[in-house]
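Engineer: Next come the chains, spelled out residue by residue.
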Amino acid sequence: MFELGPIFRALLRQKVGAILIALQIALTLSIMVNAIFMMQQRSSQMARPSGLDEANLFYLSNTVFGQNYNHEAALADDLRLIRGIPGVVNATQINAIPLSGGGWSMGLQHKAGEGENSIGVAVYMVDDHGINTLGLELIAGENFQLTDIEWRPATSVSWPARAIVSQAMAESLYPGAYQSALGKTVYINQNEAVQISGIVKTLQAPWNGWDGVERSMLVPFQMETRNSRYIIRTEPGRRDELMPIIEKALAESDKNRIIRNVTSLEDTREDSYRSHNALNKILLLVIVILTLITAFGIVGLAMFSINRRRRQIGTRRALGATQLQVMRYFMLENFLISTLGVVIGAIAAVGLNIWLVSKFELAPLEPQLLVVGVLALYLVGQLAVFYPARKAAAISPATATRSV
Amino acid sequence: MFAYYLRLAWLSIRQSYGLSLLMVLAIGLGIGAAMTTVTVNYLMSANPIPTKSEQLFYVQLDNWDPHEPANDNGDPPDQLTYRDSTALWAANKAFRQVVQAQMTAVLEPEGKDSLPFQVSGRANSADFFAMFEVPFLFGGSWDRSADESMQQVVVLSQSLNDRLFGGRDSVGEKVKLAGDYYQVVGVIANWQPRPRFYDITTGAFNEVEEVFVPFSLISQQKISRNGNTNCWKPSGEGYEAFLNSECVWTQFWVELRNEQEKQDYLTFLNAYVSEQKKLGRFERPVNNRLSDVMQWMENQQVVAQDASLMMVMSLMFLLVCLLNTIGLLLAKFLSKAPQIGLRQALGASRQDLFTQYLTEAGCIGIAGGLLGLVFAWLGLQGVQALYGDEMKGLAELDLAMVGLAMLLALVSSLLAGLYPTWRACTVQPSQQLKSQ
Amino acid sequence: MLLMKQLGKVFHTGEVSTHALREVDLEVQEGDFVSVTGPSGSGKTTFLNIAGLLEVASSGLFLLDGENVNQQSDSQRSKMRNQKIGFIFQSFNLIPELNLFDNVDVPLRYRGFDAKERKRRIEQQLELVGLASRMKHLPSQLSGGQQQRVAIARALATSPRFLLADEPTGNLDSQMAQSVMALLEDINRQGTTIIMVTHDHGLAQRAKRQILIKDGRVSELTATLHEPLHIVSPSATEHSAKVAGV
Chain L
741 MFELGPIFRA LLRQKVGAIL IALQIALTLS IMVNAIFMMQ QRSSQMARPS
791 GLDEANLFYL SNTVFGQNYN HEAALADDLR LIRGIPGVVN ATQINAIPLS
841 GGGWSMGLQH KAGEGENSIG VAVYMVDDHG INTLGLELIA GENFQLTDIE
891 WRPATSVSWP ARAIVSQAMA ESLYPGAYQS ALGKTVYINQ NEAVQISGIV
941 KTLQAPWNGW DGVERSMLVP FQMETRNSRY IIRTEPGRRD ELMPIIEKAL
991 AESDKNRIIR NVTSLEDTRE DSYRSHNALN KILLLVIVIL TLITAFGIVG
1041 LAMFSINRRR RQIGTRRALG ATQLQVMRYF MLENFLISTL GVVIGAIAAV
1091 GLNIWLVSKF ELAPLEPQLL VVGVLALYLV GQLAVFYPAR KAAAISPATA
1141 TRSV
Chain Z
371 MFAYYLRLAW LSIRQSYGLS LLMVLAIGLG IGAAMTTVTV NYLMSANPIP
421 TKSEQLFYVQ LDNWDPHEPA NDNGDPPDQL TYRDSTALWA ANKAFRQVVQ
471 AQMTAVLEPE GKDSLPFQVS GRANSADFFA MFEVPFLFGG SWDRSADESM
521 QQVVVLSQSL NDRLFGGRDS VGEKVKLAGD YYQVVGVIAN WQPRPRFYDI
571 TTGAFNEVEE VFVPFSLISQ QKISRNGNTN CWKPSGEGYE AFLNSECVWT
621 QFWVELRNEQ EKQDYLTFLN AYVSEQKKLG RFERPVNNRL SDVMQWMENQ
671 QVVAQDASLM MVMSLMFLLV CLLNTIGLLL AKFLSKAPQI GLRQALGASR
721 QDLFTQYLTE AGCIGIAGGL LGLVFAWLGL QGVQALYGDE MKGLAELDLA
771 MVGLAMLLAL VSSLLAGLYP TWRACTVQPS QQLKSQ
Chain P
13 MLLMKQLGKV FHTGEVSTHA LREVDLEVQE GDFVSVTGPS GSGKTTFLNI
63 AGLLEVASSG LFLLDGENVN QQSDSQRSKM RNQKIGFIFQ SFNLIPELNL
113 FDNVDVPLRY RGFDAKERKR RIEQQLELVG LASRMKHLPS QLSGGQQQRV
163 AIARALATSP RFLLADEPTG NLDSQMAQSV MALLEDINRQ GTTIIMVTHD
213 HGLAQRAKRQ ILIKDGRVSE LTATLHEPLH IVSPSATEHS AKVAGV
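Protein chains in written order, with the working numbering: chain L, 741 to 1144; chain Z, 371 to 806; chain P, 13 to 258.
If you are wondering where the hints come from, they were derived from the structure by calculation, not from laboratory data.
Owing to the predicted nature of the structure, the values given are computational and were not obtained by experimental measurement.
Beta carbons are placed, not taken as given, at the ideal position from N, Cα and C, and that holds for glycine.
Below 30 Å or equal to it, Euclidean Cα-Cα: the simulated DSS-like pairs (lysine-lysine) are:
1) Lys603(Z) to Lys851(L)
2) Lys995(L) to Lys544(Z)
3) Lys482(Z) to Lys995(L)
4) Lys762(Z) to Lys1021(L)
5) Lys592(Z) to Lys995(L)
6) Lys546(Z) to Lys988(L)
7) Lys1099(L) to Lys762(Z)
8) Lys988(L) to Lys592(Z)
9) Lys851(L) to Lys647(Z)
10) Lys988(L) to Lys482(Z)
11) Lys995(L) to Lys546(Z)
12) Lys603(Z) to Lys924(L)
Below, a sample of chain Z positions facing chain P; criterion: calculated Cβ distance under 7 Å:
13) Tyr374
14) Leu381
15) Gln385
16) Gln709
17) Ala715
18) Leu716
19) Ala718
20) Pro799
21) Leu803
Generate the whole structure from the sequences, applying the supplied hints.
Structural biologist: Given below as structure tokens:
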């Protein structure tokens, strides 16, 4: 009764039902494994640190419409005002917000001139308060001095003499020896020399889907613009309280502009990874429902096959099979079907992955995941068949002598 | 007889309601998941202007870095330089042409209490409205001469007109935009093409802008543009230098009514590029493109990868649900073998039985389809909730989708029912009638 | 009305061929009541299946009402079963999810009668077997004897000229068996030809003719001469309510 041979031969006689279950298991496995893999990838992307003190940062847009406006004086006034508000740690004007999806990028190259290889880098324009405001960790060199800060007119295309780069950018410029980037001169905008005066540990670019997302640089600029952004760091826990206070203070201090889009960096992160989050939730739901459907399918079919074999089971019981042996029969039967399913499924999972990789820019599957998926489906199959198997075991030996 | 089969199906479904519920649920979930993703893909890939999508062409020229292509696949840049698009516009060689870019401005409403606010805008030449079949509520487009003479005129969206003028006909009124007064010449009726095909570069599913002003005003720096700008070499100091640079940030569409006009326009573009080559520009090989609306949507991958990915997953999900249904139907129908044998003894032909059991399968399919619609609706609500504004207008069931859902449910359940039914009908009556 | 000449049936399972019937010669006249007995596995069921057009003979000639059944298609045989043959089974074979009315309705549906005619026949037949008041009951709510009477009502609803009964009393106690047998005799008296397979020799002897099947061969037990029968066309005279007192 607990030999695989007879079970296998019995299965061959009702192969369609077994094949249907096996196919279901196979498809479930291939979807499950690929879905979990996608979820892992997205989760690891989301887990990357931006380098910022996200919990305590927020920013706002300052849109000027007044004519003959003195941008330079207004910026100085605004920053003085913000930095003076109790609870504010620091603030700076900035041209782009990490994670927000909008920003500037430039290329840095080792040699000046057209046609030289350049490495793309996100540019953040900040003043000497930038590093402290963003909460960056300076691992080499030094921060900008007040004297480094240049005023950048709206149509200017020139660049300052110094820049601070992220470690990843330094590594890209000097592979294997990022520290050596310190003090080096590189060229921006093809011809303009910039000296690397500092390196920060982490500072992500504004575009989370960019393969160079870890490459960024800070340049000491204050900008003349009708649309500027201020980013503000508060003492822990005081961000939400200060957001409306600062908005109001700025709006009232100068009627020639609009203060809008007051947003915390945490919200920006959520927005930025909204589709990742959404996809992960959907995939999780798909996996759960799919597993349930397959499990219920196994239960349903097992119940049917047991009902059909009531007399046979009764006869076996009459001939001396114990309840445990009857249960074991059905558990083993499911094990055989599952084996067929996971073998097909493992091949299908790899095939699906290869197709997805070719079609959707995904990475190839990790084999460990396949093993986990196979084990999970064996478990699901055994759990699903447990209830019908117990029902079968409960069939009375007297069934054999009764005509149904 | 069909009514009889329907009643038999109902009795049979009721008799094993647990199993029937499981099948209906499986089909419902499968259809629901498939319809959710198919709807999103269908709306993303919809033709936004079916009447003339084959006559509108997006123009691309390759002015990029001789050392490095603009795109890895060799495509020219996604936008044009200001100098090229204004030159093409001035040449006026197509039936209609529009040069455009995205802009933003602060609008200062009249009245002491009204606070200034930011509006989204588009700087475009006059043909925009006729080319893209923009419906007008009041007034209409400005004309080419307004572009040429840089008139300060504006077309408002319906919602902005409601906000500023309470919805009345505001043609002839003035609005203060970016510190200057603009005369209203038209108000657009509600219009939201999906995808917003005329400018993919700033988001294929963004809202239509609130104000439209002549493109030529950009040269005067009257308004500030805010779309994407890409440069492959330094532009030089000052605004004039920027306008003459190799930076791309404008979009150019032409309307060409037939193949002949298209060929003529391509010839013209080639001639233009050859001319520019003599000036030392366009150092890359000639790579001019005219893409019609759907080609351009395809090129710009308007259908998000995640959406197609989810559709693939959901169709596989549906397949699992159908396999499930096949298995359960098979089990159910085979358990009916004695009844099938009896019916044959009582004079039912195979065809009678086939119809009877396929009817049952179809009923389960329709029930599953109806449930699937509910799930699809729920799914789309979920997608809306999860994705927020990104999915605005892209997660709505329409009549075509409802019909497709029902058809998909019916066809798939009939397909799922086919094999079990066939098996049921090949039952040998004589073997089933003997008491077991 | 039923004529078998040199009829044989062979089952092939793998490499083994089983001769279930061999060279059967049999003629059954209109109005006959034939009982068939024989040991288990002798071929009784095969004989009944072939007679009822549920199976096709492997060799020989089989005429039913003058039609060569072996040459008919599946759907022609379905039609013939529906119009000419009624079946009664040992285990009744009522459809569990249908009530009595709907059970009797089954063959009428395939016959294609209109709703009015079906209703008339169903009520008449259920009346005949004394179950008209329980029309809306499900089979599971009836005793075995009652179920078999419903099965008889169903078999007779299409006014077949030919009734095949496979151990009709096999699942019943002796009292119920007697009443079912009496019902069959009444039906036969009305002109319906009956072939009945049974184990019960007492019952078998009550038939007009007895045949024995052994090892696939048919032999006549009753040497009794055929009494000239008063031929009644069953389609002309419906079974009257007179016999309903069973």
